[in-house]
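Trainee: What follows is the residue order along each chain.
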Amino acid sequence: MDCLTIPATGRTPGVSFDFANGHLRMTGESYPDDVAAFFGPVFEALRSFLDDPDGGPIRFDMELLYFNSSSAKALMNIFQMLETVAKGGRSVTLTWCVEENDESMRELGEDFAEDLRHVVFQMREMPAGGPP
Amino acid sequence: MSFNLFAAEEEALAKARALETRLGALAPDCLPEFRDLIAAFELSTREQQRLVRVSDRLQAQLSDAIHELDRQRSEAEAALDHLREAQEAMVQSEKLASLGALVAGVAHEINTPVGIAVSCASHLADATQAMRRRADGGTLGKAEFARYLATAVDTTDLILGNCERASQLIAGFKQVAVDRASAVRRTVNLAAYIQDTLVSLQPKFRPSGHAVAVYCPPDLELDSYPGVLSQILSNLVMNALTHAFVDGQAGGMAITVDCPDADTVRMCFADNGRGMSEEHSARVFEPFFTTRRGRGGSGLGLHIVHNLVVGVLMGSITVLSAPDLGTSFTLQFPRRTPDRDLPVEAVTM
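One line per chain: the protein sequences are U and F, in this order. Position in the first sequence (from 1) plus 256 gives the number in the numbering used here. Position in the second sequence (from 1) plus 758 gives the number in the numbering used here.
Worth double-checking, as some hints may not be accurate.
[Claimed, not checked] Derived lysine to aspartate or glutamate pairs resembling EDC-like cross-links, with alpha carbons at most 16 Å apart:
no., chain 1, residue 1, chain 2, residue 2
1, U, Lys343, U, Asp308
2, U, Lys329, F, Glu805
3, U, Lys329, U, Glu356
4, U, Lys329, U, Asp371
5, U, Lys329, U, Asp289
6, U, Lys329, F, Asp814
The hints are simulated quantities; they were obtained by calculation from the structure and are not laboratory data. In this text, all values refer to a predicted model and were calculated from it rather than measured experimentally.
This is chain F alone, in the form it adopts within the complex (with noise of 0.2 Å):
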């Protein structure tokens, strides 16, 4: 038997036109309205069918819509997983990229006091040679070998000082390195880890004639991650290499610290380039903001340093910048880091 969702309607009529006919013995007058009445009560089932119908149609409407919502929420949230991902591999190249600056530094700085060391002693080596054949054929002056210990001594002089220069060098990088490849967190002296960072980036800006002063108390101890902090500085100073300066011309940086009270540092990295608008410096933190897009920029450097600044120092970084006078950057952040469960790769640099 199968199913008829109106079987009541039908019923009810079949009964009306049973009706009808007893109707026609028993009062024919009344037969020509009651059949207007089956009539109505006729159309009255039609429409009801044809509204289900409308209301069906209008409900597989709403569902095709939900769906095809659903299916494009999915497609936004797949396409925004794949944006996040591309992201953080951008980030991660970038601080590739900043690690492999920091060896070229490295080896450029090293390169001065080893190659003097170099040269000094391959003077002695033969200023030593020549006073072995003089003396095995008997021939070697006094004053002649009072020269030679002149040269001795002024050689191994440079020789020892470079070296010396060199190794603190080393130590130095290694320690920046150390601290940016780990994360370690430990007791770092301000101003010294500013200067062990900033003769890494020697090579970048003393070619074009600019310069960095450091107004650092000499005894400020931090507790925090100094790699990090390291990481900051060489961001800035690059940043401000890239964007401050017109070419040719030698800039001035200055990197000012101070403590507005016993637990909280404030250092402000400053330059006196040509600066930028105000629709720039709003968006300087931005991800993917630059303004040298296709020319070597990757607009990620300033908001690496803004993460490393809220994220791992927990402090906060302000710009303040107008066009012709120079950008300054001031962070603000606990001496000592607050404990707190890092992420590794938040830090890893």
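Isolated chain U (complex conformation) (with noise of 0.2 Å):
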């Protein structure tokens, strides 16, 4: 599989996985009714990309501007599946994408890369208002 692409509901996030290139990224908003319908496949076709030992290197976008508390559970475990692949050696950047001004977002990015010693995690800030 090349590419995971769900588009953005009202409810859960879009999810753009371009995995020829590595580069993965979430936005929108998720909170949807069942995590397990919505997280269950996007998690598949991560750890089968995870798992490939010949990947190269990894670009994670985190753009969500509001999320649930299991959403944020899966993002803490799939934040731990990119850790381990970068302490295996592979190259993984994360960046946590804030809106301007949003500085209890900003605290949870540090909050959520504490856990992170192989990843490089950076901060980014969007204009308020939406993603671009």
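Dock the two chains into a complex; use the hints.
Mentor: Written out as structure tokens, the structure reads:
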């Protein structure tokens, strides 16, 4: 599978995983009715991508503006999966995007970065009012 | 001692580390696996702390949103209150304006008989003066005296007739005005009352050549609020004068009253004017709906009519109109208004 693309809805985020170029992106808002139904296929695709021993560098852009607690746990699981492959020597860069002035989202990002030792974590500011 | 939400987890970790030391001595081969377990527990604890913060943040956002909604709701409610007050004030000023128009109509109408009476009296006074001079000078002839008598009879007839007319008008107006101001419920002859009301409106439609025909059973008595009825009629007439007729065209209006049954009165007010579109006739009773905003239309005239028919007379009103086919309003209400407590301002015009 080269790509996983799920368009955003009101409650579920947009997912665009460009596996061929190692560029993964999540946008929008995430508070799905059924967490397992939404994240199940995402995790499955991600797992098989990360299991490929010949994979190149990975960029992951976290551009969610809003997520609920289940989605937060799903994000932490994704970050741990990324941390595991980074520990194995693969280059992984995680960009946590926050809207200008969203201090609490920035703090959450710093919080989420706490367990990342091998993943390169960076914070990026987006203009308020939605992703570009 | 400071409160720690995760004291139990930290205590468990401390115990695990103590166990790690003992395990190092007793079963060193188990140590790496045990350390992995400790690391997993540590990670899980940090994740738990993070989730608590995420959840608190969401709760705070929710609470902010609720406060914002509350604030907006109070703002909207306050705006609605202001709007209601403004509407009330406009309705009130419309009522006053309509009372003012009534007074102007009365003044104009009474002016004619009083004016005639005054000029007749003045003519009679002049003739009498002349007679006295002739009589004093001893030059009064028989023929002259006969002419004077004829003049005196004619002018006194005119004076009397016009004064009676003025007196009738005043009595009619007084009744209409008192009814409007006090909203007294009483028994009233509908045909006569319609006439009284129309007289006060004469100056409004006579100059343009408009006419109102009345078809009403002469013996129909109502037990109702005649002041309200008068207000309804004048608003309907004024509405027709303002909207129905093309400038310069003499229009016709007709008030037709019948009783579909012994206890119900049906009154139809029709004009033969330009009529209106379905879109307009559907909104004609809405407050502030007007096609003449900025040209003297307040959009309240027919709204008030509707409120009076429904709220005071406890009846109904419908409108039928089409472009170039005129407009007719049909009111249907009980001949005897059912008893009930009316708020004073609902009937005080």
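Trainee: Holds or violated: lysine 329 of chain U with aspartate 814 of chain F, Cα cutoff 16 Å?
Mentor: Within the cut-off at roughly 14 Å; holds.
Trainee: Assess, step by step, whether the Cα of lysine 329 of chain U is no farther than 16 Å from the Cα of aspartate 289 of chain U, and give holds or violated.
Mentor: Holds, at roughly 15 Å.
Trainee: Sort out whether aspartate 371 of chain U lies within 16 Å of lysine 329 of chain U, counting only the CA atoms.
Mentor: holds, 13 Å
Trainee: Taken at face value, is the distance from the CA of glutamate 805 of chain F to the CA of lysine 329 of chain U at most 16 Å?
Mentor: With a Cα-Cα distance of about 8 Å, the restraint between lysine 329 of chain U and glutamate 805 of chain F holds, given a limit of 16 Å.
Trainee: For lysine 329 of chain U and glutamate 356 of chain U, compute the direct alpha-carbon distance and say whether it is at most 16 Å.
Mentor: violated, 24 Å
Trainee: Taken at face value, is the distance from the CA of aspartate 308 of chain U to the CA of lysine 343 of chain U at most 16 Å?
Mentor: Roughly 15 Å between the alpha carbons, so the hint for lysine 343 of chain U and aspartate 308 of chain U holds.
Going through the hint list in order, the structure does not satisfy hint 3, though it satisfies all others.
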